[in-house]
Amino acid sequence: DAKTTQPPSMDCAEGRAANLPCNHSTISGNEYVYWYRQIHSQGPQYIIHGLKNNETNEMASLIITEDRKSSTLILPHATLRDTAVYYCIAVNSNSGYALNFGKGTSLLVTP
Amino acid sequence: DTAVSQTPKYLVTQMGNDKSIKCEQNLGHDTMYWYKQDSKKFLKIMFSYNNKELIINETVPNRFSPKSPDKAHLNLHINSLELGDSAVYFCASSLTMAGGEQYFGPGTRLTVT
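As given, the protein sequences belong to chains A and B, one line each in that order. Sequential numbering of the first sequence, starting at 233, is according to this note's numbering. Sequential numbering of the second sequence, starting at 17, is according to this note's numbering.
If you are wondering where the hints come from, they were derived from the structure by calculation, not from laboratory data. Incorrect hints may appear among the rest.
[Said to hold, decoys possible] Here are the simulated DSBU-like cross-link-like pairs (lysine-lysine), alpha carbons at most 35 Å apart as the crow flies:
1. B/Lys25 x A/Lys235
2. B/Lys87 x A/Lys284
3. A/Lys235 x B/Lys57
4. A/Lys284 x B/Lys56
5. A/Lys301 x B/Lys57
6. A/Lys335 x B/Lys60
7. B/Lys83 x B/Lys38
8. B/Lys25 x A/Lys335
9. A/Lys235 x B/Lys60
10. A/Lys284 x B/Lys52
11. B/Lys56 x A/Lys301
12. A/Lys335 x B/Lys56
13. B/Lys83 x A/Lys235
14. B/Lys38 x B/Lys87
15. B/Lys56 x A/Lys235
16. A/Lys335 x B/Lys52
17. B/Lys57 x A/Lys284
18. B/Lys35 x B/Lys52
19. B/Lys52 x A/Lys235
20. A/Lys284 x B/Lys60
21. B/Lys87 x B/Lys60
22. B/Lys87 x A/Lys335
23. B/Lys83 x A/Lys335
24. B/Lys35 x B/Lys57
25. A/Lys235 x B/Lys38
26. B/Lys68 x A/Lys284
27. B/Lys87 x A/Lys235
28. A/Lys335 x B/Lys68
29. A/Lys301 x B/Lys52
30. B/Lys83 x B/Lys56
31. A/Lys301 x B/Lys60
From a predicted model like this one, the values you see are computed outputs, not experimental measurements.
Please work from the sequences and hints to get the whole structure.
Here you go:
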């Protein structure tokens with residue numbers, strides 16, 4: 233699976249959009265980009281995933297660049313409950329199973 | 017209804033003891049996993065089972081033995097516990113083996129003294 237790189241930490245004001253970047257310059261054609269988050273002391277939570285096209289669900293939007301070398305997770309209106317560590321993971325569609333969690337981005341949403 | 021549940025939530029035990037952690041999922045998923053999160057917060061895969069069959073064993077000491085009595089349950093038994101086994105253990109499940117969308121349990125915090 234391709235390696236992903238994320239900034240170690242970010243801040244965001246409550247009510248504003250949180251844009252979390254991820255670099256995956258070695259991603260291959262059959263690898264999806266998955267996003268998870270882990271709120272303190274809880275298990276990781278699936279957020280969203282995509283292959284080429286932008287995706288949106290009730291939690292977030294995922295913007296993937298045309299060359300697929302990077303992506304951005306957007307939380308449109310961040311709340312204090314969105315404070316968590318966010319992980320960007322490249323997952324092979326043929327053999328997904330093990331998720332390789334890196335260090336992620338620690339997002340702090342402030343009042 | 018809890019989708020993926022683990023028991024116990026906390027486990028404190030002494031070195032050398034044997035302990036088990038249980039995991040159950042009521043999602044009808046085929047694949048289940050055990051992950052370990054150490055004190056530095058790195059989350060790493062330990063095992064993966066698909067329909068009761070071992071798929072992944074990521075260089076975990078053989079003191080750790082997973083057991084899957086049916087596809088809804090994946091238990092983790094640990095023999096001769098060591099201080100370095102102290103961590104939070106997460107169980108997860110996915111619909112299929114190619115499941116990047118995994119559902120995690122609340123974790124079991126194991127402390128070995």
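Verification of the supplied hints:
1. B/Lys25 x A/Lys235: Since the Cα atoms of B/Lys25 and A/Lys235 sit roughly 32 Å apart, the hinted pair holds (cutoff 35 Å).
2. B/Lys87 x A/Lys284: holds (33 Å)
3. A/Lys235 x B/Lys57: holds (18 Å)
4. A/Lys284 x B/Lys56: holds (33 Å)
5. A/Lys301 x B/Lys57: holds (26 Å)
6. A/Lys335 x B/Lys60: Distance ~11 Å between A/Lys335 and B/Lys60 Cα, so the pair holds.
7. B/Lys83 x B/Lys38: holds (10 Å)
8. B/Lys25 x A/Lys335: holds (24 Å)
9. A/Lys235 x B/Lys60: holds (15 Å)
10. A/Lys284 x B/Lys52: Cα-Cα ~31 Å, so holds.
11. B/Lys56 x A/Lys301: Holds. B/Lys56 to A/Lys301 sits at ~28 Å (cutoff 35 Å).
12. A/Lys335 x B/Lys56: holds (10 Å)
13. B/Lys83 x A/Lys235: holds (31 Å)
14. B/Lys38 x B/Lys87: holds (13 Å)
15. B/Lys56 x A/Lys235: It holds: about 19 Å lies between the C-alpha atoms, which stays within 35 Å.
16. A/Lys335 x B/Lys52: holds (14 Å)
17. B/Lys57 x A/Lys284: Holds. B/Lys57 to A/Lys284 sits at ~30 Å (cutoff 35 Å).
18. B/Lys35 x B/Lys52: At roughly 15 Å apart (the allowed maximum being 35 Å), B/Lys52 and B/Lys35 satisfy the hint.
19. B/Lys52 x A/Lys235: The hint holds at about 20 Å.
20. A/Lys284 x B/Lys60: holds (27 Å)
21. B/Lys87 x B/Lys60: Holds, at roughly 22 Å.
22. B/Lys87 x A/Lys335: holds (31 Å)
23. B/Lys83 x A/Lys335: holds (29 Å)
24. B/Lys35 x B/Lys57: holds (22 Å)
25. A/Lys235 x B/Lys38: holds (32 Å)
26. B/Lys68 x A/Lys284: Holds. B/Lys68 to A/Lys284 sits at ~34 Å (cutoff 35 Å).
27. B/Lys87 x A/Lys235: Between B/Lys87 and A/Lys235 the Cα gap is close to 31 Å, so the pair holds against 35 Å.
28. A/Lys335 x B/Lys68: holds (31 Å)
29. A/Lys301 x B/Lys52: holds (29 Å)
30. B/Lys83 x B/Lys56: Holds, at about 27 Å.
31. A/Lys301 x B/Lys60: It holds: about 24 Å lies between the C-alpha atoms, which stays within 35 Å.
Going down the numbered hints, you'll see the structure goes against none, and every one checks out.
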